[in-house]
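8 protein chains.
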Amino acid sequence: MKDSFYDLGFTKLDTGRKERTGFGEVVFCHGKRNEFLKDIFSRLFEANGEVLGTRATQEQFELVKEILPQATYDSVSRIIKVQGEKKKLIGNIAVCTAGTADIPVAEESAQTAEFFGSYVERIFDVGVSGIHRLLSQTEKLEKANVVVAIAGMEGALASVVGGLVSVPVIAVPTSVGYGANLGGISALLSMINSCANGISVVNIDNGYGAGYIATQINRLAIGGSVKNQAGGK
Amino acid sequence: MKDSFYDLGFTKLDTGRKERTGFGEVVFCHGKRNEFLKDIFSRLFEANGEVLGTRATQEQFELVKEILPQATYDSVSRIIKVQGEKKKLIGNIAVCTAGTADIPVAEESAQTAEFFGSYVERIFDVGVSGIHRLLSQTEKLEKANVVVAIAGMEGALASVVGGLVSVPVIAVPTSVGYGANLGGISALLSMINSCANGISVVNIDNGYGAGYIATQINRLAIGGSVKNQAGGK
Amino acid sequence: MKDSFYDLGFTKLDTGRKERTGFGEVVFCHGKRNEFLKDIFSRLFEANGEVLGTRATQEQFELVKEILPQATYDSVSRIIKVQGEKKKLIGNIAVCTAGTADIPVAEESAQTAEFFGSYVERIFDVGVSGIHRLLSQTEKLEKANVVVAIAGMEGALASVVGGLVSVPVIAVPTSVGYGANLGGISALLSMINSCANGISVVNIDNGYGAGYIATQINRLAIGGSVKNQAGGK
Amino acid sequence: MKDSFYDLGFTKLDTGRKERTGFGEVVFCHGKRNEFLKDIFSRLFEANGEVLGTRATQEQFELVKEILPQATYDSVSRIIKVQGEKKKLIGNIAVCTAGTADIPVAEESAQTAEFFGSYVERIFDVGVSGIHRLLSQTEKLEKANVVVAIAGMEGALASVVGGLVSVPVIAVPTSVGYGANLGGISALLSMINSCANGISVVNIDNGYGAGYIATQINRLAIGGSVKNQAGGK
Amino acid sequence: MKDSFYDLGFTKLDTGRKERTGFGEVVFCHGKRNEFLKDIFSRLFEANGEVLGTRATQEQFELVKEILPQATYDSVSRIIKVQGEKKKLIGNIAVCTAGTADIPVAEESAQTAEFFGSYVERIFDVGVSGIHRLLSQTEKLEKANVVVAIAGMEGALASVVGGLVSVPVIAVPTSVGYGANLGGISALLSMINSCANGISVVNIDNGYGAGYIATQINRLAIGGSVKNQAGGK
Amino acid sequence: MKDSFYDLGFTKLDTGRKERTGFGEVVFCHGKRNEFLKDIFSRLFEANGEVLGTRATQEQFELVKEILPQATYDSVSRIIKVQGEKKKLIGNIAVCTAGTADIPVAEESAQTAEFFGSYVERIFDVGVSGIHRLLSQTEKLEKANVVVAIAGMEGALASVVGGLVSVPVIAVPTSVGYGANLGGISALLSMINSCANGISVVNIDNGYGAGYIATQINRLAIGGSVKNQAGGK
Amino acid sequence: MKDSFYDLGFTKLDTGRKERTGFGEVVFCHGKRNEFLKDIFSRLFEANGEVLGTRATQEQFELVKEILPQATYDSVSRIIKVQGEKKKLIGNIAVCTAGTADIPVAEESAQTAEFFGSYVERIFDVGVSGIHRLLSQTEKLEKANVVVAIAGMEGALASVVGGLVSVPVIAVPTSVGYGANLGGISALLSMINSCANGISVVNIDNGYGAGYIATQINRLAIGGSVKNQAGGK
Amino acid sequence: MKDSFYDLGFTKLDTGRKERTGFGEVVFCHGKRNEFLKDIFSRLFEANGEVLGTRATQEQFELVKEILPQATYDSVSRIIKVQGEKKKLIGNIAVCTAGTADIPVAEESAQTAEFFGSYVERIFDVGVSGIHRLLSQTEKLEKANVVVAIAGMEGALASVVGGLVSVPVIAVPTSVGYGANLGGISALLSMINSCANGISVVNIDNGYGAGYIATQINRLAIGGSVKNQAGGK
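Residue numbers (full-length UniProt numbering), protein chains in the order written: chain Z, 1 to 233; chain U, 1 to 233; chain A, 1 to 233; chain L, 1 to 233; chain B, 1 to 233; chain W, 1 to 233; chain R, 1 to 233; chain S, 1 to 233.
Worth flagging that the hints you see were computed from the coordinates, not collected in a lab. Please note that the accuracy of each hint is not assured.
[Claimed, not checked] Straight-line Cα separation of at most 27 Å, DSSO-like style, residue types lysine-lysine; simulated pairs: (1) U/K32 - B/K81; (2) L/K32 - U/K81; (3) U/K88 - U/K140; (4) U/K87 - U/K65; (5) B/K32 - W/K81; (6) A/K86 - A/K140; (7) Z/K32 - A/K81; (8) L/K38 - L/K81; (9) W/K88 - W/K32; (10) S/K32 - R/K81; (11) R/K32 - Z/K81; (12) L/K81 - W/K32; (13) R/K38 - R/K81; (14) L/K65 - L/K32; (15) A/K32 - S/K38.
[Said to hold, decoys possible] Stretch by stretch, here's where chain S covers chain R in the computed footprint (C-beta under 8 Å, at least three residues): (16) 49-63; (17) 183-197.
All C-beta atoms, glycine included, are put in the ideal place defined by N, C-alpha and C.
Input sequences plus hints: build the corresponding full structure.
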């Protein structure tokens, strides 16, 4: 039932989330204690038949692999995936970055979206200081149901992309930069104040969150509800 | 053509925007000089057959009415509308507020969405300090294609709503509150750091922006593209 | 006497504090030099017959154990306790967390309250993104004389709990989160701006402080004054 | 019933709050529209037999008086009270201020506590720059079940009071001061970082909130629960 | 001599500045007392044969006109000019704005540059949300010796312009916007963190400062030194 | 006696302050209610034979004059003085400003120092953008026992003066400036981070505070203690 | 062609930049992955015949040297240079620092300018707390076409230099300092608020950016356009 | 001569400072390169016959000892001293701390003052949460010519001390604390906003700066000028 949860004492796994929202609970691995991690992954795998873990270390992956040998790890996105046969990827999400240093956040975003069944088009290193690079990609952008725009420093990419497309843009500020970038706060403020329409913003470096929302929108665009397209167990 | 614009010297009206994005250019009236306002409204009406003006004063409305007598004004949302026959409102957008003081922002959001053809369900004064009020509205929330969650002070509404629905939540922090609310920055930070999935954030008091994005998503959910459903001249 | 202190040169131990406030002085171990630590613990044990040390490392514990072999250490809360026979725990304090990452702060809070003689009910991982988990605990919440609500990220737990109970809520923002959480400042601002009544706030990660205040209130609720229930030497 | 509310469309009055929390809903008058104000006061008076309104203007009072002629107004605290026969005030709450400019906040706090049935001892203008003034009041302080410490500028009063008493201190930063007081943020930070134990903090200028919490604690100290002592209709 | 100054008691007019820097002292009129204003204008006119006053009100202009009837005033830029025959304007400075609300700052910049002898090309309302408007102006941009890029909100214009031209860009953040624009701080941070090369930044709304620096660079580009081209008495 | 105070109910006048510190209590008039103001001035005049009021309006002065006709008012410094025969001014305090807009703060500082018996040398409009103006005043600076350096905007004056003199410099940041001056916070941070030795800082626009400290130092420099030179009743 | 780029998948090298702006693309080495670094350096060397890398580690240099043995490394500026025969250095840029701790930023600036063909005069350790050191260098300053002023702490150097010269000053705040220097934000604010004319500011520690802009201005001053003097392949 | 300096290329040693200000140049050792350190110490020893180095590591001390074997090092204050025969310490400076964690800053302050010839009274661990500890030291406080008050967290010590003494108080905020202490900014704001008179503030953890100013004031109090009492070569 959608309000069910599994009480492990230290944690209450929201096993009803998949039914309630169309997305199984995801494990934010950063800082999770080893003794808890195995338990969480195996319970969620049991409940949902697949598990996604974000912000994981190589060491955490080794632990998960002991109990779920089919788990895989990607060192750029730092994602652990436990998933069955390859899903058919549907719809179209464009994931853009301003620079190469934003790629880890972009991969977290793209791989989250793919885990949840979305087709992703990657458009990297199209920052506005050489606007012709971005303009050369308009054809790809126009095919997307939603665009994820990822940028650090002054975060201007989101505004320019927002002016080029008709679909929603999910802006992800990154902590890329130095000095007055304030660890990403400057890019966040920039995106929140965008002069373009259709832009909403998530937390700094939150590639996962953007991939999740983009999937919600992509599912709606394909037709039917978010939940019906969740597939799953 | 989608890259056309109309050069009035002091301004370059983006008359290609409707074709490019599915939404005609909207007039942000705050601080616009009287001599420019009439010109902008008449040019945009000519180009798009309808005009929306936000953050308008009663005085500005009187001016616009001189040239476009069919214009209407709503003092809560501060919106000027010039629009032909009533549009058929499609889809479903839920607009929620935490308190009554957030209603002006909510009306800006709802009326923007309605102007662009979306059906809006208003759910006001359901702040989390009396959670039963919000829980009594879950049926309405579940019918929406997208939810706009509007709150000042600590902005917790967005997170609780995000946990209840499967669709995207557009969170609007408001400047409602005092002291350490920092003019809405506290609510903004709260929403950006939400522990719930599916939440993205727009600027403080930006009801218009949330109504715009909600319409983009609502159009995608109805089927077809954002642009095709824009109606038009 | 209540205004007495013990002058060790580098420090002036407030040995009158137990008589004055009902609580013996507690050692904040973080950054204390080894040579001072032993001296402080032995003088306070002499004065009060028990000692509590917070934010301690395993190494500091080993040092204390050399002179007070009955000392114990808990690695989650990082608390050193030197205490005689088990106290009877009185009253009822509920300690809630939004997530599992908040547990170290919660344990510091709970164990502080227990050290000072309060009974503690632990309610962990009931964050608002799955509100049913919190609502399933209302019976426990209603038995408490005071609730400690601990949360990082957007800190919305405090407001929702505040709306559910009739007793005071001590809100503890934590540094859990990333990006725009600003090391806990966002959660702090959120809690300070709570739309719910009955909420007051302590410093980021200050589990100790919340456990202390909760004990003061719990003692008052049991009857008699804070000081009379302090027990003592 | 405790989960009931009265839906006026623009607002959902939490008429179950008194049963749920022991306190009837209070009207934050600031910025409320005239047309709503009368309706809200009359409905709440109907439900609870008494109403408290904070941050009210003289004009708002005149409006309320039209429908509830027994209403009274205090221009220092800006409180509107509608209350029957005089309540017997119980327990003991000390309300202290650092300076005379903090008195409006103090009166909001004291009169809120009195409205809810608490006895209040006022101790004004005892800021730490002339510490003898505060020390001359220790006898009064020692009789309180809880102390409200109100200060602007550097907010040091809370820490000094915290060191003198054994009961909880609710600290209220005020916006009194200029320049680097940052509208009260400096005093807020000061109080949150207090070196004294037993101090928790509410929003800047939030006299009402402190009076509410102090009443919760005062009721607990008198014996029985917060709710049982709420009196009522 | 370049180190000379004229001591009026309340002020020390830097009459050596024109010789030292190639620019006569300019009067920042905002907040200047009436009795001082006339004295300052007449002394500077005496020393330099021309005077520029910025941030002036209509009232201040009337005062100045009493003693210097040839003075002129522009209500958009709020500049008072006292200048002899028309100067030949040399070189080429492009002054761009993102929106129409930035025009007062742009005019302050342009008219300052013109006062000091520079030719100015105005390119207004070319914000990045409709990038085709900016791209249609590249020919004009390429003729400039230096570009002044003026924008509020997210300030992205500076970065895009910086990527299109080979000459220095002076970025001016404006206070245009609302909410999280923080009175222009967001645009300032954005410009300081620009991913484009060749961008340096002045204070919020500091059109004057940008016009001054642009003139310095324009003079250097024309050949000879900044000072030699200052013209003068 | 030094710990005495006069309890007016709403305020506790620190009548022991003059004996304790060598300075009578000063009235910060800003926001004081009319009914209190007269009482405070007459009680302090009774206790100390003289009174100083800062941040006063013309209206407040009229009120004070009713009861103390010998009172005088200066509209630049906004100081009310009630003082007997002219004091002999001793020692030497230099009060410098960067610009003319800083003069009101400087006069508050200078007149406070003069009220308490110090000789003051005014050195105005010597900001660092024309360093020769400051260097022309070194002879005056070298005679001072202490220097008050007052500046807004970037506040660089304090550092340059600090490098020129051997005596302590009291730096006063002012709110003069606009945009990123953050109401004086930028100048405050600048002065706190000064690379010069011998500089300490007071609150933004706190001319009074600087005049007070300068007098303390000036008295010490003249010989004897601060208190002995207070003169007085 | 000026709009060309080279697509390596993970990055899009802006090979048209040299033609478009007169400067080849520069490699910001910080955080670049080893596998990408070699590829980027060799492609850019191919395109431009020279490469500049900033913020490089010794390890990164070793990697680059494997493929481009003529590369050199400077451990103070952390610059990798791959350049052919010595260029003739033209014009005159003065690079000043307030202290010795600012030298790494200054060398990044100076070596960037030299790489792009500018003659650089180094004037180090001339901070304003000993103003005679700076004044002794005025002859050198007066020969410059543009001055780079580098300072941490309170950043006052920029204002004083700005008052001494007639040419543009590029101000570089550094993170040198501690405590309230806020990692360089205090110096940045100071420079942005400078009371001197002719000062524009780049990001904290951005020596490269200042060297780049200074070169643009220096080229303009020498005569001809920025692009024509870029030399090149 | 007072304007002389010694140019080492990378640095310009201000050898005229002792004559100009009464204090020889001090070495801020933090981050100084080894090759420079020896040179700087030996040149300054040559010029002044003594040297003080602050923020030094043990390693730096070993280096200095190689060339100046009489050098000594204190690991608490991190000060290197090279000084001849013991000076007679004059006057009286009280150095107070709120807690034991503030002692390193206090020792930097005390030892700086002693190096420059002042007698120092240490009063440690007298924080306001146990006000009787501070009140027991009033006799010592009253003997001082100036008080240095050092505190982290909420920094209330400065205000309470300021109310007790008649002499100037130099307040030093420290970075002691956690969470919302913001690395010392909270204590800094607290001290800047002090309600007590006679308080001025230096940078966070700047014990050296406070010791320097305290010495300036102490010298003035003893009689004669700051410079005459500098002793020296």
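For the pair supplied as a hint, R/K38 and R/K81, is the alpha-carbon distance within the 27 Å limit? holds (14 Å)
Need the status of pair U/K32, B/K81: alpha-carbon distance at most 27 Å? Judged against 27 Å, a Cα distance of about 26 Å means the pair holds.
Taking only the CA atoms, is the gap from A/K86 to A/K140 under or equal to 27 Å? holds (24 Å)
Holds or violated: Z/K32 and A/K81, Cα atoms, limit 27 Å. holds (26 Å)
Check whether the Cα positions of B/K32 and W/K81 lie no farther apart than 27 Å. Distance of about 26 Å is within 27 Å: holds.
L/K65 and L/K32: Cα distance at most 27 Å? holds (16 Å)
Quick check: the stretch 183-197 of chain R, covered by chain S? Criterion 3+ residues, Cβ under 8 Å. Our answer is that it is violated, as 0 residues pass the Cβ test (under 8 Å) against chain S, missing three.
Hint check: W/K88 vs W/K32, CA-CA at most 27 Å. Holds or violated? Violated. W/K88 to W/K32 sits at ~32 Å, over the 27 Å cutoff.
Does the alpha-carbon distance linking A/K32 and S/K38 stay inside the 27 Å limit? violated (33 Å)
Does L/K38 pair with L/K81 here, judged by a C-alpha cut-off of 27 Å? Holds, at roughly 14 Å.
Next pair to validate is L/K32 with U/K81; report whether the Cα-Cα distance is within 27 Å. Satisfied, since the Cα-Cα distance of roughly 26 Å is no more than 27 Å.
Under 8 Å between beta-carbons, do enough residues of the stretch 49-63 of chain R, three at least, approach chain S for the coverage claim to hold? Per the Cβ count (0), the hint is violated.
Consistency note: the structure conflicts with the earlier hints numbered 9, 15, 16 and 17.
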